[in-house]
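Assemble the complex: chain H is given as a structure, and chain W must be docked to it using the hints.
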Amino acid sequence: MKVILRNPRREIDVDGKRRVKELLGELGILPSTVLVIRDNELLTSDAVVGGDDVLEVRPVMSGGRDATP
Amino acid sequence: MKCRKCGGSAALELRRHNAAFCPPHFIEFFRKQVADAVHRYRMFSREEIIMVAVSGGKDSLALWDVLIEDGYRTAGLYLDLGIFDYSKESRAKCEAFAAARGQTLHVERVADAVGAPIPVVQQATRRPTCSACGLSKRYLMNRAALEHGYTVVATGHNLDDEAATLFGSVMHWQTDALPRQSPALPSTHPKLVRRVKPLYRLSELETAAYAFLRGIDYIVEECPFAQGATSIAHKEVLNRLEEASPGSKHNFLFGFLDRARPAFERAEDVALQECASCGQVTTGAVCAFCKLADLVKRRTSGETP
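The listed protein sequences correspond, in order, to chains H and W. So for the first sequence, our numbering puts the first residue at -19; every next one is plus one. So for the second sequence, our numbering puts the first residue at -15; every next one is plus one.
Check the hints yourself; a few may be wrong.
Said to hold, decoys possible - Derived DEER-like restraints, expressed as beta-carbon distance ranges:
#1 H:-4 x W:199: 26 to 36 angstroms
#2 W:30 x H:-10: 39 to 49 angstroms
#3 H:-7 x W:268: 55 to 65 angstroms
#4 H:-11 x W:8: 27 to 37 angstroms
#5 W:199 x H:-6: 21 to 31 angstroms
#6 H:-7 x W:154: 35 to 45 angstroms
What the hints assert, rightly or not - Using 27 angstroms as the maximum straight-line C-alpha spacing, the simulated DSSO-like pairs for lysine-lysine come out as follows:
#7 W:281 x H:1
#8 H:1 x H:-18
#9 W:-14 x H:-3
As the list claims (entries may be wrong) - Listed next, the stretches of chain H that the computed footprint assigns to chain W, with coverage defined by at least 3 CB atoms under 8 angstroms from CB atoms of chain W:
#10 3 to 13
#11 24 to 33
Since the hints were made in silico from the structure, they are not lab data. Remember, it's a predicted structure, so these values are computed and weren't measured experimentally. Where a beta carbon is used, it is the ideal one built from N, C-alpha and C, also for glycine.
Here chain H stands alone, though its shape is the one from the complex (with noise of 0.2 angstroms):
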């Protein structure tokens, strides 16, 4: 499968299929960081991928904010 990261934007192919929660874990991204989209659809982490899926791995996090309350 295809999985397309942000911040920068690049692409990796991953073989086999796996469940997304182990899939984030091999990537080193903590699941309520990012939303996972495949076929325009928000994956759950239990959700199994592979094969030909496009996935997107869209981070969460606004960046950098003053500190100030």
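For chain W alone, kept in the frame of chain H given last:
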């Protein structure tokens, strides 16, 4: 994974709530959280026009969408920071969002007020970029609201933002900052507009999911100045805690708001006055924004090293 409400296929798991939701029920959950926040802190009424400060990112556009969908009267405010293509793209997202929904969008250029865009301000002052940027945004939000006659400004700060800010304040025991950390800051001066954060009950993951599911075209790329920001480091620490113990961020922030903040609130007693230079509200003779603008002017004209 199944939706807690209907048993359909879930789109998002919320571990801190021990729940998962399908798209329609997640959107319902999200809007209810915003409605609860607005009600709990009496953020605004249906008679007011709410100025929503938008950046083109997921949080502020999600907030604007929720308020419009809930029937509130709103107007947007976009502050053009002058950060290269990032600002051009984020402004375009805000303009497209407003146009598609028939909403007014006010645009203010930071460079017009401070004398230079944020990248030049950063070079000229050698302050942390997010600090000068945040100061400018708070000042310009208040000034724009006053000029256009709005009584309340809503920002897209979410649970992660608020928890990270609280973490930073506690790490440095900034006891003067703690009472100001609230989902709603009332107007304590005729020239100070009420500021509210209706997304404070919702995590970044949730605001991103809402924006995605609603088809909101937001800017995914990070601000180029965000890399290495302290607030990001704090968020990363809190995310690891959250992973190990879901609900940590929620408990940290909500515990503070419910039980600790009142103690610091009593300790704060600051006299407000009008800035001798611009007339905006400040605690000193000249406000921090005018000092910043003066420094930028002197440094960029070569007057002062």
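We went through each hint and held it up to the structure:
The given range of 26 to 36 angstroms is respected by residue -4 of chain H and residue 199 of chain W, whose C-beta atoms sit roughly 32 angstroms from each other. Hint check: residue 30 of chain W to residue -10 of chain H, Cβ distance near 46 angstroms, so the stated range 39 to 49 angstroms holds. The supplied range of 55 to 65 angstroms is met by residue -7 of chain H and residue 268 of chain W, whose beta-carbon atoms lie about 58 angstroms from each other. Take residue -11 of chain H and residue 8 of chain W: their Cβ atoms lie about 31 angstroms apart, and the range 27 to 37 angstroms holds.
Taken as a hint, the range 21 to 31 angstroms holds for the pair residue 199 of chain W and residue -6 of chain H, whose Cβ atoms sit roughly 28 angstroms apart. Distance hint for residue -7 of chain H and residue 154 of chain W: a CB-CB separation of about 44 angstroms, consistent with the stated range 35 to 45 angstroms. In summary, the hint linking residue 281 of chain W to residue 1 of chain H is not supported, as the alpha carbons are separated by about 52 angstroms, beyond the 27 angstroms threshold. Using a Cα cut-off of 27 angstroms, the hinted pair residue 1 of chain H and residue -18 of chain H holds, with the two alpha carbons roughly 16 angstroms apart.
Taking the CA atoms of residue -14 of chain W and residue -3 of chain H, the gap is about 21 angstroms. The hint holds against a cut of 27 angstroms. For the region 3 to 13 of chain H, the stated coverage by chain W is satisfied: 4 residues place a CB nearer than 8 angstroms to a CB of that chain, which reaches the threshold of 3. Coverage of a stretch by a chain is defined here by at least three residues with a beta carbon nearer than 8 angstroms to that chain's beta carbons; for the region 24 to 33 of chain H and chain W the count is 4, and the condition holds.
Of the numbered hints listed earlier, the single one contradicted by the structure is hint 7.
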